[in-house]
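Peer 1: Given chain A, put chain B in place with the hints provided.
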Amino acid sequence: MSRAPSATSPEVLRHSWAQLGISILAGVREIWAHKFRSLLTMLGIILGVSSLVAMSALVAGMEKGAKEALVAIGGLEKVRIEPQGIPVEQRHLSDQATGITINDVQALEQSAPLVTLLSPEMRVFATLTANGKKFRPWNCVGVWPAALEMNEHVVEHGRMFNELDDEMARSVCVIGTETRDELWGSPETVGREIIPVGETIFINGVPFTVIGMFQHYESERDRKERLLTQSQPGQPQAVGVIRNQGRGRRRGNFVFYLKNATVYLPLNTVWMKFRSGASQIAISYGGASRTITGTTGDPRLSGLDTKLASVDVLPEALQQVRNVLMCTHKGIEDFTFRTQEDWAEQINTFVHNARLSGGLIAGISLLVGGIGIMNIMLASISERVREIGIRKSVGAATSDIFTQILVESVVIAILGGLVGLATSFALVNAISSFSPTDNAPIIKVTALAVAFAFSVLVGILAGIFPAIKAARLNPIQALRYE
Amino acid sequence: MPLVELRNVSKIYRLGEEEIRALDDVTLDIGEGEFISIIGPSGSGKSTLMHILGCLDSPTKGTIRLDGVMIEKASARQLAAIRNRKIGFVFQFFNLLPKLNVVQNVELPMIYSGISGKERRHRAMAALEAVDLANRAKHRPSQLSGGQQQRAAIARALVNNPRIVFADEPTGNLDSHTGDAILSLFRKLSQEGRTIVLVTHDPEIAAVTPRRIEIRDGKIAIKVDLTLAGLDRRAASAETAAVPQP
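Each protein sequence line maps, in turn, to chains A and B.
The opening position of the first sequence corresponds to residue 1 in the working numbering, with each subsequent residue numbered one higher.
The opening position of the second sequence corresponds to residue 1 in the working numbering, with each subsequent residue numbered one higher.
Next up, chain B with everything else stripped away, as it sits in the complex:
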């Protein structure tokens, strides 16, 4: 069974008389351990797709199954719990809380899953070590560079050991060098077995992932499926190696 199953999902917004189909009858499977990019120009509906996949939004039509749970039937509280336990988000603007220091930011998801203070600190430090940022634990986000902030955000996304990580334009606010470092961090995480969904408008970044889905006008335009759902690791690495490195 795939980790994520989307069946005929539509998201329709109404602006007065007008009906806007942000997502139109999308069917999609994401398997365990896949490294996949969702690509599309702005306004194509890729963000809507990510929000629905990430349980931040619910579809107008269709069904979603995440890790065996029917999402469209879940209550708001259950959705919050799913976001907390099964999903990690990485955003373009890092979205760290400026008033908290790095380790407190990383602890944030665990606060809402009711983990004790000692355990929180321990796991947050481990997550920071995994992204090589343990030495900045006591710094405020404003004292960090963009790349460091994004690594802190990745640590936060991973700290609750989620089933799937969504990264929305994770390099969009970084210079190309730092962006590459972040991308290789994602690649490393993917090799460790994480399921990662990269949302971007940039085909060059999308080229990093073995599997690409292009969204156009709310529909899946092409399915690039070079590697038989990304299960073949060697093919995946071959694909990523083919990306021209600046």
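Excised from the complex, chain A in its bound form:
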């Protein structure tokens, strides 16, 4: 070894990246030396990260499902006008209240240019009888053919009734698949798809001819599942073994079930066949409920769907409709608007709340993970006081020790974060297998990135205090420490 120690200046050494690399290596080595302890420490981060990802995936799935359902019932442009109890200050005028009638429809057609589509509805509380079976559909209404477009219905078999059918008040109807399933059996039970077009159906005892059937509405997930089972040939269809497939089958989203349980009749037919004579029809909508004594040709509609030109002009359009209706109703406010925007807002509020509370819980579990890291780092440095003293005596600066401890904690957090990301997929699968919603969770890349970033942040925060504590150790006392 050469003598003549060089007279280097005591200039402070620059910290190179290589030294950081050494610190990282030392951190990994330290973690590897205490595998079990490190794993337990990481567990907190793993659970925190995976629950953060899983929560976000569940909420994203629910959001998607809710938006899908929103589109299925006609989108945001759809505004429904419904009858409403007369306000208290107008009670004395109640004998003049006309309710919503075809008059209003015609007035709106002429005077409300922001309304692009109108679809009056007259509800019938019907019991359907055919094929020796009975069924009470959710929605049996008299409508104009425009209802097809309004409610995003698609006639898959047969045809929709047209203006002529309506004009002539023909006894025809278009049914949804749920009605078919209940009266004739679903494809799953019968083994083939029955198309009851041309059959006769008795609605409250009145014969109607089925002239069309809507397609089967289902959420995207249900469709995919159905297509999957169909694409697996050779699988026995298990006829008669599975009990009551019609109802026992997964309904998917409730909205889709309701849409499938729809029966459309021509509006005029309903008016003439069900609203005349001395029949008593109980109508209840929303919170308000009243009984209309059906005198001859009760012209009141149970609802009026309107489609607006665009969502952007929603307030203006509502004002327009309101003006027209206030005119036709002689100022009596016996109607109300129900916009999908309320629902959309509810979805947004729900998603926001779910995200907030889920994020909070996952955040707390990450925090607990961070506390675990801090705890183990503190224990680790008190085990290594002597090592720190030795390192300082051979020339480690305060910052070197600080970096070393911080790197260890960050490495634990990063490893925990990565494992957490991997586990999150398993967790999402596990949750979705027993989750009450039918919305498949969606794992988003941003959620993964955010969760990982949080785990690193937690690692840094948890490491700072122990690192400061270690770096501040007095080398003399540290060397004497037993």
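Honestly, the hints are just simulated from the structure, not real lab data.
These figures come from a predicted structure and were not determined experimentally.
Don't take each hint at face value.
[As the list claims (entries may be wrong)] Mimicking BS3-like on lysine-lysine, the simulated pairs with C-alpha atoms at most 25 angstroms apart in a straight line are:
hint: 1; chain 1: A; residue 1: 35; chain 2: B; residue 2: 118
hint: 2; chain 1: A; residue 1: 273; chain 2: A; residue 2: 133
hint: 3; chain 1: A; residue 1: 444; chain 2: A; residue 2: 67
hint: 4; chain 1: A; residue 1: 307; chain 2: A; residue 2: 67
hint: 5; chain 1: B; residue 1: 118; chain 2: B; residue 2: 99
hint: 6; chain 1: A; residue 1: 35; chain 2: B; residue 2: 99
hint: 7; chain 1: A; residue 1: 444; chain 2: A; residue 2: 224
hint: 8; chain 1: B; residue 1: 118; chain 2: A; residue 2: 469
hint: 9; chain 1: B; residue 1: 118; chain 2: B; residue 2: 138
Peer 2: Chain B only, in chain A's frame:
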């Protein structure tokens, strides 16, 4: 100019009202290439003196100049750099890191001076060869005998080619035979020109060095300066030869 210059250095600890003068107005020069022992009973202040000389601690009063640098004005980071580049420590309990093997332990000071991995390994192996321990490079400290561990610690102290080496009771934890081997290693290093400061409570060990400084109650009690600041090598060897060998 001497390598180390201590001028009126005091170290005062306060325990409540009480004032403890661990070092009291010490003035001392250590020249380049000296082999010197600091001797004193425990509690005399010799360890404090060594810590201050070794830049592990700073004095309450007085000035220290090491290799031309005013130590008492240096920042903590600069002190760390000085410890790293100019000073080597050998401890009673070896103070090797148990998780690292011998060569990694020897590499440790070079890590903090930012020397590349290849160069580190090369120099660490050279240092181990100098203490005759190259064949144990991959062993863990726990697999070595006390003497081997101390030799590894000496290799670590020398690897950054320091200006001065401090040895704090280097034989205190060894049997007398191994201790002698370590002492003769120090003597050999001294003959190679190293500046070595041996701190001990044992006069027999202190007798190895040409120059002895006795510390008592924080003050330098006697200056034994047989050899005119140890510059006369022959006198130094004569002095060491006079030590009775067990």
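Peer 1: Check the hint pairing residue 118 (chain B) with residue 138 (chain B) against an upper bound of 25 angstroms on the C-alpha distance.
Peer 2: 16 angstroms, holds
Peer 1: Taking only the CA atoms, is the gap from residue 444 (chain A) to residue 224 (chain A) under or equal to 25 angstroms?
Peer 2: 20 angstroms, holds
Peer 1: Below or equal to 25 angstroms on CA atoms is what counts here, so check residue 307 (chain A) against residue 67 (chain A).
Peer 2: 18 angstroms, holds
Peer 1: Taken at face value, is the distance from the CA of residue 133 (chain A) to the CA of residue 273 (chain A) at most 25 angstroms?
Peer 2: Distance ~22 angstroms between residue 273 (chain A) and residue 133 (chain A) Cα, so the pair holds.
Peer 1: Decide if the proposed pair is consistent with the structure: residue 118 (chain B) and residue 99 (chain B), CA atoms, cutoff 25 angstroms inclusive.
Peer 2: Holds - the C-alpha atoms of residue 99 (chain B) and residue 118 (chain B) are around 21 angstroms apart, at most 25 angstroms.
Peer 1: Given the hinted pair residue 35 (chain A) and residue 118 (chain B), is their alpha-carbon gap at most 25 angstroms?
Peer 2: Given that 25 angstroms is the threshold and the Cα spacing comes to 29 angstroms, the pair is violated.
Peer 1: Tell me if the straight-line CA distance from residue 35 (chain A) to residue 99 (chain B) falls inside 25 angstroms.
Peer 2: At roughly 14 angstroms apart (the allowed maximum being 25 angstroms), residue 99 (chain B) and residue 35 (chain A) satisfy the hint.
Peer 1: Between the alpha carbons of residue 118 (chain B) and residue 469 (chain A), is the straight-line distance 25 angstroms or under?
Peer 2: 33 angstroms, violated
Peer 1: Residue 444 (chain A) and residue 67 (chain A): Cα distance at most 25 angstroms?
Peer 2: With a Cα-Cα distance of about 17 angstroms, the restraint between residue 444 (chain A) and residue 67 (chain A) holds, given a limit of 25 angstroms.
Checked against the numbered hints given earlier, the structure breaks hints 1, 8 and satisfies all the rest.
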